[in-house]
Amino acid sequence: MYRSFLSWRYLVSRRSNLVGIMGILLGVGAMILILSIMTGFLEEQRRAIRGTLSDLIIRPDRLQSPTGMMLDPSPRPEPVLEVVRADPRVEAATAQLQWAAMITEKGKDFSRVFNSSAAAEVVAKEIVGIDVQTDLRLVLPALSAAMGVLGALPAPAMDQPIQDELDVTGFLDSLVGPEGKMGWTQAPPIPLFPFEYGPDKDGLRLPSCIVGEKLGSRFKLRPGDTVQLATAVFPPDADPEFHNREFIVSGLFRTDENEVDGKRIYVARSELADFISSGRPYSQILVRLDDYAKNGHAARTDLERTLKEKDLIFGPQFADEVLTWEDTNRPLLGAIENERMLMAIMLSLVLVVAGFTIFATLSMMVTEKRRDIGILSALGATPRGILAMFLMIAFWDALIGTALGGFIGVIAANNIDGIERWLSYQLNIQIFDRDVYLFTHIPTIVQPMAVAAIVGGAFLVSHLFAAFPAWRAARLDPLTALRYE
Amino acid sequence: MTTSSESTKDPESTARDPQGQVKQRTAKPLDGSLVLQARGIRKSFGIGDRTLEILHGVSLELQRGELVALVGASGAGKSTLLHVLGLLDRPEEGQLIIDGQDAWSLPSTARAGLRNKKIGFVFQMYHLLPELTALENVMLPAMIAESRLGFGSRRKEHRARAESMLERFGLADRMRHRPSQLSGGERQRVAMARALYHDPTILLADEPTGNLDSATGERVLELLFQEQARRELSMILVTHDLRLAKQCRRILIMEDGQIQSDSTVPIPT
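Chains as they are written, first to last, in this note's numbering: chain A, 1 to 485; chain B, 1 to 269.
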């Protein structure tokens with residue numbers, strides 16, 4: 001009984017124990033806070049990597065036979081879409097055509113573009129053909145979310161709403177479904193959506209396109225402006241063909257993904273297929289699942305098998321034609337995971353420091369309490385009992401330190417924005433520069449498992465560091481201890 | 001075994017005789033049963049490269065209820081012998097039988113239990129735990145002996161017993177005081193109550209008055225002798241005060257790690 005009684009009494013009567021408790025409290029609190037912020041940042045990064053990617057991407061391959069014949073098991077997207085949509089786990093699927101093009105001066109085609117005075121500005125743009133009439137909704141979650149910034153959806157966090165005059169009703173309807181309508185306003189003057197033909201300044205009817213916000217800003221594009229896209233196609237047995245076509249800008253979009261916002265242009269898929277005279281009017285099928293986290297990998301395997309059975313793809317022995325969004329970004333995602341792991345390892349050093357405070361305070365206490373140890377031995381306490389008593393002091397330290405540290409860490413992580421603003425105001429410096437990041441708040445994610453691991457780790461570390469002083473106390477010769485004055 | 005009904009009286013007043021002299025001790029006749037037998041105890045310490053033998057094969061026997069004074073000059077080995085007999089220091093050679101058990105051949109846990117239940121210590125420096133109140137210090141042997149559950153279920157009983165002992169030792173109004181708030185005499189009385197809590201068979205007192213002024217020392221001793229007689233304790237009192245030793249029935253004189261003289265004072269009639 002004396003172990004718990006005396007350990008608690010020593011704990012409350014020796015102020016030096018506060019150092020150990022504070023060490024654990026700060027270690028646990030700081031670790032939870034930093035890890036939550038880092039997890040938040042990494043999750044934002046992961047979300048940015050995912051960007052406009054759908055859950056699954058099907059890219060049926062084409063092969064050229066030795067005789068020069070092109071083997072294409074799926075020249076049209078409809079049979080593939082039919083198979084994909086038959087899977088109960090699939091929520092939506094759509095075909096997409098991707099190509100590269102350049103924005104050129106009016107009248108200049110692809111072959112002459114490099115002679116242009118603006119040659120340095122010539123960078124291939126990603127032109128993406130999508131079907132807004134088909135069941136596209138929810139396939140592009142980041143895009144649908146980004147459409148909020150168009151002013152159609154409430155976007156309270158944005159300082160500068162972009163293009164709130166665009167009528168995106170139809171597009172958003174197809175993107176997010178009726179439940180996604182959140183009271184946007186229909187604003188004239190250019191109701192060109194989805195991808196309607198509109199008149200340019202000269203009164204010509206032109207196909208419409210949506211341009212990434214950064215790309216638009218670089219070329220000073222506003223809704224209603226005309227943009228000329230130039231591209232080249234390379235038929236297998238013929239000379240390259242050059243095409244250019246004018247589009248009317250019906251709006252700008254923002255996905256918070258630099259690569260997308262600075263390079264991508266959305267047009268109608270049929271228009272793009274016609275523009276590039278492609279024999280294959282799609283390049284990939286995008287698939288949205290009902291629960292990616294649960295069904296993602298199983299659905300990928302099943303769809304791959306079914307499509308192979310129906311001879312719509314060559315199969316995994318030839319190429320990876322059915323991919324999850326993670327497959328397409330494996331190195332980057334691996335790097336993020338690695339970053340998270342490294343961060344956790346580095347932060348665990350904080351706990352080691354906390355462990356050292358326990359070691360130091362307990363060692364000090366063993367020295368101070370040498371005489372008490374001798375008295376307890378004389379009264380019948382066993383070395384094991386004395387060991388347990390000092391370990392219990394570490395237990396109380398850890399219990400109080402981790403409980404308070406865990407509580408403070410979680411509270412701080414959930415209120416980091418307020419804390420940051422208060423600190424910024426008090427110190428008169430900007431701690432978190434919102435202009436540097438694409439998000440307007442400090443992202444934090446408190447993971448219960450991580451909190452449990454930190455608390456458990458702190459407990460373990462405290463006891464590990466307490467073990468040596470406790471063992472030293474247990475080994476103390478009672479007579480030496482009694483003579484100690 | 002004492003009970004909670006032990007009478008309360010001021011020990012410091014009863015210990016005094018009208019002339020202020022130490023009283024001649026009276027004792028009941030012994031029944032001859034042995035509670036402690038030490039045979040050929042040898043103990044040495046290493047000092048640098050040298051080994052210094054402190055006890056050279058000491059043998060002694062202690063009967064139930066016997067009051068023994070162990071006297072000798074400083075460095076004679078009195079305290080070392082007391083520590084060996086109290087199971088705090090293991091001898092290199094020799095055998096120690098306490099209540100029929102070969103104490104040094106017992107496992108350490110059993111030996112700790114023997115120390116807890118059968119042996120009481122009173123030290124010159126009191127050795128109370130400064131973080132505990134007088135009452136808690138007295139209950140400490142019970143806390144050590146019992147599990148958390150066991151002590152918890154008998155907490156009231158233990159508290160009543162400790163309170164009763166402190167009342168008996170004249171510390172009724174000092175129970176919640178910490179050692180730092182007590183005088184030397186009060187501290188030693190708390191230490192005595194703690195030593196006697198489990199009603200031990202053997203009480204080992206190492207110069208219990210060495211740190212007290214003579215008047216307080218005498219009162220404390222008086223109380224100690226009263227308890228010894230009342231409980232029929234076998235007690236070894238280490239002292240180098242021959243006057244004090246003469247109050248004991250048997251006097252062992254140690255010199256150079258050996259018992260040079262073992263004399264018994266006749267029971268006064």
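You may find that some hints are simply not true.
[As the list claims (entries may be wrong)] Calculated cross-link-like contacts (lysine to aspartate or glutamate; reagent style DMTMM-like; alpha-carbon spacing at most 25 Å):
hint, chain 1, residue 1, chain 2, residue 2
1, B, Lys117, A, Asp477
2, B, Lys118, B, Glu167
3, A, Lys310, A, Asp320
4, A, Lys263, A, Glu241
5, A, Lys214, A, Glu43
6, B, Lys118, A, Glu241
The set of hints was computed from the structure by calculation and includes no laboratory data.
For each hint, the structure was consulted:
no., hint, result
1, B/Lys117 / A/Asp477, "holds (21 Å)"
2, B/Lys118 / B/Glu167, "holds (23 Å)"
3, A/Lys310 / A/Asp320, "holds (16 Å)"
4, A/Lys263 / A/Glu241, "holds (23 Å)"
5, A/Lys214 / A/Glu43, "holds (23 Å)"
6, B/Lys118 / A/Glu241, "violated (108 Å)"
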